[in-house]
Amino acid sequence: MKTSEPPRLSTSLLVRLAPRHRRESLVGDLLEQLRQGRSVWWFRRQVLATILVGLAADVAAHKLLAVRALALGWSAMLVVYLLIGPLIQETRMTLFRRWGSVLWGDSEILRQLWVYYGLPFQLVFCLILMAIGWLVAGLHRRRVPGIVIVFAATLLIPATFQALEIRRLLETELWPGWGWGSFRWALLYQAMLALVAYPLCILIGGLCTARSDGDALVEGPSS
Amino acid sequence: MKKQGLLGGFELLVLLALIRLGDDAYGVPISNEIEASSGRGVSIGSIYITLDRLERKGLVSSSLGEPTAARGGRAKTYFRITAKGLREVRQARRTLVRLWRGVPQLEGDQI
Chain L
-6 MKTSEPPRLS TSLLVRLAPR HRRESLVGDL LEQLRQGRSV WWFRRQVLAT
44 ILVGLAADVA AHKLLAVRAL ALGWSAMLVV YLLIGPLIQE TRMTLFRRWG
94 SVLWGDSEIL RQLWVYYGLP FQLVFCLILM AIGWLVAGLH RRRVPGIVIV
144 FAATLLIPAT FQALEIRRLL ETELWPGWGW GSFRWALLYQ AMLALVAYPL
194 CILIGGLCTA RSDGDALVEG PSS
Chain F
147 MKKQGLLGGF ELLVLLALIR LGDDAYGVPI SNEIEASSGR GVSIGSIYIT
197 LDRLERKGLV SSSLGEPTAA RGGRAKTYFR ITAKGLREVR QARRTLVRLW
247 RGVPQLEGDQ I
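Chains as they are written, first to last, in our numbering: chain L, -6 to 216; chain F, 147 to 257.
Simulated from the structure, these hints should not be mistaken for lab results.
Computed from a predicted model, the values in this text were never measured in an experiment.
Yeah, the Cβ is synthetic: ideal placement off N, Cα and C, and Gly gets one too.
You may find that some hints are simply not true.
[Unchecked claim] Part of the chain L face toward chain F, derived, beta carbon under 10 Å:
| id | residue |
| --- | --- |
| 1 | Ala11 |
| 2 | Glu17 |
| 3 | Leu19 |
| 4 | Trp35 |
| 5 | Arg38 |
| 6 | Leu41 |
| 7 | Thr43 |
| 8 | Gly47 |
[Unchecked claim] In the SDA-like style, the derived pairs of lysine to any residue whose C-alpha atoms are separated by at most 20 Å in a straight line are:
| id | chain 1 | residue 1 | chain 2 | residue 2 |
| --- | --- | --- | --- | --- |
| 9 | L | Lys56 | F | Arg202 |
| 10 | F | Lys203 | F | Ile165 |
| 11 | L | Lys56 | L | Val143 |
| 12 | F | Lys203 | F | Ala229 |
| 13 | L | Lys56 | L | Trp67 |
| 14 | F | Lys230 | F | Asp169 |
| 15 | F | Lys230 | F | Thr241 |
| 16 | F | Lys230 | F | Ser183 |
| 17 | F | Lys203 | L | Ala50 |
| 18 | F | Lys203 | F | Leu152 |
| 19 | F | Lys203 | L | Ala54 |
| 20 | F | Lys230 | F | Leu159 |
| 21 | F | Lys203 | L | Ala53 |
| 22 | F | Lys203 | F | Leu162 |
| 23 | L | Lys56 | L | Leu128 |
| 24 | F | Lys203 | L | His55 |
| 25 | F | Lys203 | L | His14 |
| 26 | L | Lys56 | F | Arg166 |
| 27 | F | Lys230 | F | Arg166 |
| 28 | F | Lys203 | F | Arg244 |
Construct the complete structure from the given sequences, taking the supplied hints into account.
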């Protein structure tokens, strides 16, 4: 299929994540080629390649900044884990005991959401992660996309270990009498949170500060 | 003074495309020129990254053109090879020709 209309999502990603000082020309070049008959898929591939190549070059050119951003992000995570984590856990147990019978009554779904999935607290944790992403991005304003993506990617390291541990638990069949409707789904849910939701929260929090191409022309090449 | 490193393969392709295109060298024709010569698709992003690196080395200069409707109102960035860039290309050519010469495996069209 050939069309001169650029795909909205790809264009939106491009104007936010392409190398800033060349953004205007890059977007113009790709639009020009699309209007000359290139396919939408060609455009999407170019956008993806441009963003990845640009981010990799940006991070490679500013390794110290990337290391500082990682140290800052992981320190913030440690502070959350040590200070806010026990508070959340304690609040969760208090509310569980106090509201246990009132909140869900006979509803099994609500009970499971609260007991096994800890949904309201996961939402709080997601908000905290967004705030950490925003903090890291805010302190590295000139290198936001690359730095934030690298930080979010490092969350996948512990998440992978957690997912492997969960797989091991599921394979051991420690709870043969328990069906898929209970504990196993909760474990899979935990794995998905760590592998998908948490890195995504960092990205959302961090990239919401990424500027679009309004300022693209005023800055020179990075050094 | 920091010694200039050898040109990379892709850097050389980009500089040769700039020389061939003359005053009309911006992202689209540079990409088309390299695609036509090498027979392989290239990412426009990697061309700009390379041009940035060459500009930092002083081998290329850039200037902003006028925005056009065909480009969604966005301006072109024109690139020109500098005198230093031209010297580097000549040096790279001399080095390659010297290495090429007298290698029987590279004689004729057979590889």
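Hints versus structure:
1. Ala11: 7 Å, holds
2. Glu17: 5 Å, holds
3. Leu19: It holds, given that the least Cβ distance between Leu19 of chain L and chain F is near 6 Å, below 10 Å.
4. Trp35: With a minimum Cβ separation of about 8 Å from chain F (threshold 10 Å), the hint on Trp35 of chain L holds.
5. Arg38: Nearest chain F Cβ about 8 Å off; hint holds.
6. Leu41: 9 Å, holds
7. Thr43: 3 Å, holds
8. Gly47: 6 Å, holds
9. L:Lys56 - F:Arg202: This hinted pair holds, its Cα atoms lying about 18 Å apart.
10. F:Lys203 - F:Ile165: 17 Å, holds
11. L:Lys56 - L:Val143: 11 Å, holds
12. F:Lys203 - F:Ala229: Holds. Lys203 of chain F to Ala229 of chain F sits at ~12 Å (cutoff 20 Å).
13. L:Lys56 - L:Trp67: 16 Å, holds
14. F:Lys230 - F:Asp169: 17 Å, holds
15. F:Lys230 - F:Thr241: With a Cα-Cα distance of about 16 Å, the restraint between Lys230 of chain F and Thr241 of chain F holds, given a limit of 20 Å.
16. F:Lys230 - F:Ser183: 24 Å, violated
17. F:Lys203 - L:Ala50: Distance ~16 Å between Lys203 of chain F and Ala50 of chain L Cα, so the pair holds.
18. F:Lys203 - F:Leu152: 11 Å, holds
19. F:Lys203 - L:Ala54: Judged against 20 Å, a Cα distance of about 14 Å means the pair holds.
20. F:Lys230 - F:Leu159: 16 Å, holds
21. F:Lys203 - L:Ala53: 17 Å, holds
22. F:Lys203 - F:Leu162: Cα-Cα ~16 Å, so holds.
23. L:Lys56 - L:Leu128: 19 Å, holds
24. F:Lys203 - L:His55: Cα-Cα ~17 Å, so holds.
25. F:Lys203 - L:His14: The given pair, whose Cα atoms are some 17 Å apart, holds under the 20 Å limit.
26. L:Lys56 - F:Arg166: 36 Å, violated
27. F:Lys230 - F:Arg166: Measuring from Cα to Cα gives roughly 17 Å; hence the hint holds.
28. F:Lys203 - F:Arg244: Answer violated: Lys203 of chain F to Arg244 of chain F is near 25 Å, above 20 Å.
Comparing the model with each earlier hint shows violations of hints 16, 26, 28; every other hint is respected.
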